[in-house]
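*Asks:* Dock chain one against chain two, each of which comes alone in its own frame, and use the hints as you go.
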Amino acid sequence: MNLTFDTFLPLLPLGIISLTTVAVMLAIAFVRNHWWNATVAVIGLNISLITTVYLAIQGKTGAVTGLLIVDQYAYFYSIVILVAALACCTLTHAFMESYQNNKEEIYLLLLLATAGAMVLVYSHHMASFFIGLELLSVPVYGMVAYTHERGRSLEAGIKYLVLSASASAFMLFGMALMYAQTGTLSFAGVGEQLAETTGHLATFGVAMIMIAVFFKLSLAPFHLWTPDVYQGAPAPVGAFLATVSKVAVFAVLVRFLIETPIQYTQPLQKIFAVVAVLSIIFGNLLALTQTNIKRLLAYSSIAHFGYLLVALAAGGGTALETIHVYLLTYVLTTLGAFGVITLMSTAGDSEDADSLQHYRGLFWRRPYLTAVMTVMMLSLAGIPLTAGFIGKFYVMLTGVNTGSWDLLAAVIIGSGIGLYYYLRVMVTLYMATPGMQRHDADAHWGEQAGGLMVVGVAGLVLLVGMYPQPVLEWIRLAKPLFLH
Amino acid sequence: MILSALILIPFIGGLLCWLGERLGVGIPRWIALISMLAVFGLGLMLWAQGDYSLANQTIGSTTPRWQLEERYTWIPHLGVSIHLAIDGLSLMMVLLTGLLGIMAIGCSWSEIQRHVGFFHLNLLWSLGGVIGVFLALDMFLFFFFWEMMLVPVYFLIALWGHAGSDGKSRIYAATKFFIYTQVGGLLLLVGILALVLVNFQATGTLSFDYAALLGAHKYMRPELEMALMLCFFTAFAVKLPIVPFHSWLPDAHAQAPTAGSVDLAGILLKTAAYGMLRFALPLFPNASQEFAPIAMGLGLFGIFYGAFLAFAQTDIKRLIAYTSVSHMGFVLLGIYAGNFLTLQGLVIQMLAHGLCASGLFIISGQLYERLHTRDTREMGGLWARFTYLPPLLMFFAAALLGIPGTANFVGEFLILLGAFKVVPIITIIATSSLVLGGVYSLVMIHRVLFGQPKSTEKLADLSGRELTILLSLAAALVFLGLYPQPVLNVSAGAMSVIQQSYAPVAVSVPLLAP
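Protein sequences appear in the order of chains A and B. All letters in the first sequence, in the order written, are residues 1 to 484 by the numbering used here. All letters in the second sequence, in the order written, are residues 1 to 514 by the numbering used here.
These aren't lab readings, by the way, just hints derived from the structure by calculation. Cβ coordinates follow ideal geometry from the N, Cα and C atoms, glycine included. Heads up, a few of these hints could be off.
Said to hold, decoys possible - Below, a sample of chain A positions facing chain B; criterion: calculated Cβ distance under 7 Å:
1. I50
2. Q469
3. L472
Unchecked claim - Calculated from the model, a selection of chain A residues having no Cβ within reach of chain B, i.e. all distances over 10 Å:
4. N101
5. L172
6. I271
7. N401
8. S415
9. R424
To be verified - Calculated Cβ distances over 10 Å to all of chain A for the following chain B residues:
10. H77
11. L193
12. F245
13. K458
The following block holds chain B by itself, in its conformation from the complex (with noise of 0.2 Å):
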């Protein structure tokens, strides 16, 4: 009950959020509110209640053990259950989204004035989405959740966006980014498809469920598995993205409301992570092995051109959007690397990246609001006309670039640590792009808040609203910075399984708490 209330909550919420707008204007964002905090209270809750340490694993198992589970039947005639299950890894996942979604909330209380209801609308159901994306374990009802989440999104973008630098539309974009996406989608469901039908021919069963999938590799010959495989990974790699396929993400990012970028970086790429996580690896590991060298390459590839460019750009959520093509670079490596460490850092990774990109996003929405310009030419000496924008957008600058203390440190030193005894070369490669790191946060700071500045006239500072949202956002950052070890507990397990079914090795332990 609990999972499938997850799920609905955003979607029931959302609504009540479109036929709540006829009662006031407010009445949606509230509405909105109390439904992710209702999400966000009952991931919580499963956390304070579920036992998810590795302990509960068996260890050196394939099999995945699922903390909850719910199940229903759905189109029994094409063996498609409703199939919920939830494990540390999705919790994490589900966890950040109802954070974000609450941050995402916050940040448009005032942003958003056109069609409250209609936004909260969307707003929701991507999260509702998103979520169903984290918790669902049959393939048919993956892909479900993953192409529907692209509707509101679409939408969120189109109709509240703002233009873009370079004179293209939000029209332009949004669409650039369903068709994308979409069309990624349709070769993830080929693949969905071909792996149901292998399994079907060699077992006799028709069915989309995770468990029963888990083996049919082994009825594919290594060209046919390659296929699908890469049809898995190519879907995944348009939305995570990955370089050659990363185009949309600049113009959707800058393009977006400052919610619909705090949905898109800090929740929708996370998807995709998870969905390599899930199912690329596990269902495809001798192609995903095989394969594992290219798609590190791809990633080392992604880290240092995503940097270089986010260095040359003049809109700062285009910089933004660039870091992090970077980033995922960094999360690429670390799944391809396959090891343990890699693993449990990708997880702090993906964390944090979320948290300190939104961050960033909404600080640039509150510049928008104030300067109406993203441009970071026409900033310039913004340090002398707020009091406390400055200093937090120094701190989560400082975060992206991965400084001891926060959470992104922890995140790129376990992934760089752990994959350094995989592939050393390409390691130290990646590491030498932190440098680059510190140089387009730096040069974004002193762009923003240095130098000359425009006028002397003192801007609105920022509202209790906005602190709070950017506080916790970075107590947060802080928080697994310092003390990363209650969620590497949690996800340890998840971990584990997904660890020993990609490339098996003898099993230890480091860094489970005793």
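The following block holds chain A by itself, in its conformation from the complex (with noise of 0.2 Å):
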């Protein structure tokens, strides 16, 4: 193979997002100035963004070594993943203003694991599939227990680590096992070869990497840790665990799928109905009972990842669209609720605002903050207007066409019963009671960036749901390379 310039091209994204690692850690040693070195951060995405962009709109694809592909699929989740690490660098920033002891580090944390992300997404080859995971996970141990000064967050941040560790031993181990009856370890190989050979080593290594995946993507039963992680998880942190962690691994699950002939990946559509169904029910009752938002948030995305795995295990012509659609959905409305969330917290205070009790008659004292957390939580629960509607809605399109009536009855079930916990975090937002907990918001929250995004998010959910179009042509444009 020719190694020239035009090989690596595809991969400058990635690149810059390097480079921009070391820049901010070299601006952190030349001056602590937590804007600036913030603004740097901020300032290496928003290049590796447009260079995504561009390269995108060029067409700009093909495989990079045998490890990475770069591709228009690989750029829709690329652009995915940027945007939201862009939000929770903003959201970082509002959040980390009042900590007292060193707060420019995290935006390190931040690059390397976006830079993970990326690598996820490229990646078809188990080799560079662990390495993403490894290169995201690892750096979201600290960023998760960050503010170890409260108790919480390094019970999280340590949780998170010994559980997510194990999963990894899981996937290495799954490999291993794969590699041991095909002797490759490229995605497309591994389906290629076990049409040559026989025995059931790599049916339980699918089966261990599956479970490593579900693990991170905390799907029932392998969800435990979501509630206490997100929970003691700093609110920024919890955005982007919520929604780059979860994006980049599912892209890669995704694109496993389809490299891998359909016949050897049809059994697992049985265990991923299990699991959707399971995940969907999980999610929707435990959080039933939540007073604490975050917890709250933890299970809904739970039950969100059922219903996401409903299109998976339903498979048709459909499948990947409403993959591209829901998963887009979510990311903004995810950060939107995480973001109603850190604007109302700081990391100077003991803990974050999370209890229902901070949010009580909300309305009536920052409107505009409300009215987000409204269309974020109408979006969860797929009500028209907000883009969570037309993510459900191709959900239902995806169940309808392929017939899978259970997966749908399971859908309207879990929906239903979601209802009732984002109706009641909406509406105690708007019941003023006399003598109620006066928690605030920033004063100024609208004119910080943060703030911005926030609305600008807002703005987004409702464009969406009301005018998908564009949206729906530009994911149409979202197709992997196959390289056969």
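*Replies:* Encoded structure:
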């Protein structure tokens, strides 16, 4: 293979992120200034985003070495990840302002994790899959435990570290088993080799990899870490965990499934169906009694990935498009919801404003912030006018298209239960009571980058909900490249 | 343009109400009133301009003819467009929405004192959503409005409602309402998607358009058609409501503020009947035919069940709510009898029920403002304590039981007359329920107005505003009761198409002025 500049050009966004990481590190070494260091990170992410969009428009696609592949599919998810990372960055800045300890290193971790997420999205080889996953997870341990003066944050960090490491071990062992049978580690190669060899090692291998993936996506019954980690993590890190890390893992899962021939992934569909139904039921039922909004969002994310998995389990011609649409709408919505929580809290306090009590009667104090949160709750519940509806619509479309009536029943029941707690959060925002707790967002939240971001996300959620055509056209372009 | 304006005026007006609140508490009320007057005025203008007579319709045709149509591209990717159209049936429903919207704003003029701007935002948005439902001809758009109007109604009940008499909170009622209708809505969505995909597989065009889907039932196996019809039916049955799915209604009605009850009883329930007429019957004619006996049985059961439970209530708003259940049983009977007479009667019945139930809810709201109770046991002897309110309550109660001279009589009479030709036995049983109607109406009047008064002190009588609202509702009821012909003329064309696509029979055109 001739390695030229053109071969590596598609990897430019990833290179820029890596360079930015170094730049931020140096910037911190030169002068510790929160605003300045954060700005370097934001500029780097923006350049990377612009480059990605440019390359996507130019159509620069192709495999870069045997490990990575850059195609429109990867560009689509890179853009989603970069936008989410940017949003998390602005939120982190608003959040960390009052933090007493060193506040700059979190951008370093965030950039590293973003680079890991991009590697995952590009990977079509087990090795890059694993490298990406670890590059994504390890900085996140640090981010979760970043506000280590808070007991919960440290606890969440350790919990995530231990459990995530065991999941990684499962994954490595699974890959080893697969290699033992097929003698190859590339996604496409595994599929080809499976046709020629017989044995059960690879089956076990795939099962173990799936366990690790389900863990990362916090799907039932591997969801137990989710509420604790979401609750303990600082709010902007929660946003990162819920968006960037999950999107990247899901993207690589889908790529793995489409590169492996259908006859080998068919048995997985049954597993997906079971896991989807379990996630929908557990996620929604456990969210019912939560009074902590971060835990509630954690359970709701379990349920949402259940809905998403319905698309995978059902399959059919619209599955891929459904996954794109759903992930996009989910990312926007989650960013908005966590964004509001972030703006309500600061790192200086002993814990985040995550009890529902804090939000009682918010509307009469902060109407715009409440409007954003209302839109997000409606979007999570999948009510028309919001992006969440378009996502749910597509899931239903896929279900009906393949005649998966039992899965549809689970989605309908799950949504019915889900309404209860989303509405509870929503109505709490509007309930004025005498002598209510006056925990306010920063008075100037609207003028800060974080405030603008949150309002912008709410605008996007409404726009996608009301006029989805441009987004759908864009998504239709996000096709994976096959190299057979 | 006019059709989009009908939908946009409430939405924009609602936003202005919210923003206008900072200029003064009274501003949102006036903005809201002007918006709904504009909607009602536009509706009247459409009535005056259009020719809705049956002659305009190709007689015996199953393809609807629209008086006015608008189409804009929206999501071509999914075959979805903004397709609005109006015919006689939609026009009547829009006019009802406009009129009751004005009444709802009027009756909350003094009742709502907290967060006036946000209240009117919700009220107007729910009305806008309802008008959208009545005008939408694209299934996606229809569903969009169908679901969207729930949110403002939820807020109306949850934020401005009253605690229930049995200790249930208003949020409980609002959440129950939302979950019931939303789950029904998701079934509807499954039905719509399956219908669209069947059509897509057969014809190769992906379209959510009503006209394109009208023929889709030809490509279905009977079992599938039945299943999809049931999806549609369940969604509409929850909202109508039909007896096994009705339990949200008494709670929601009792706990809602007056304007919310007017909105729910007067307008929202009609969207379900409209949905059955416009979509369930024409889209799945064979399955509907097959299902008709069960549907009519459910309707019959609902008539009696609602009447008996109404009789047992002590909360006046719950009592009226259960009478709605009973009247909606008649509506269901009328829909599935599918005779031209019953369908025409339905239009009158829906208008009459909207006006009459709204009038009663407004009166109970006024009683609540003065007595701070909805419990009929606490009332008694009110005849002596008011001058204007008792006779008006008497009038609306009489209208509720269907006394000749009111619109309710015309509606029930036409439905029963038409249904007798189709299902004589069910009709005979249903007719006997009119006695029960008399019982609960009279019991209500008796408990509230007569008997031993709790105190001899005079209560504040109706203000000019309250009197105007009630008198105009009463006048509308009497007018429709004495001279329903103009309405029948307008709806005849639309109803004949629905009737033809559901149960084709030799065309006879009664009830049409020469």
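*Asks:* Taking the hints in turn, state whether each one holds.
*Replies:* Hint by hint, here is what the structure shows:
no., hint, result
1, I50, "27 Å, violated"
2, Q469, "5 Å, holds"
3, L472, "4 Å, holds"
4, N101, "42 Å, holds"
5, L172, "41 Å, holds"
6, I271, "24 Å, holds"
7, N401, "6 Å, violated"
8, S415, "6 Å, violated"
9, R424, "7 Å, violated"
10, H77, "4 Å, violated"
11, L193, "4 Å, violated"
12, F245, "13 Å, holds"
13, K458, "34 Å, holds"
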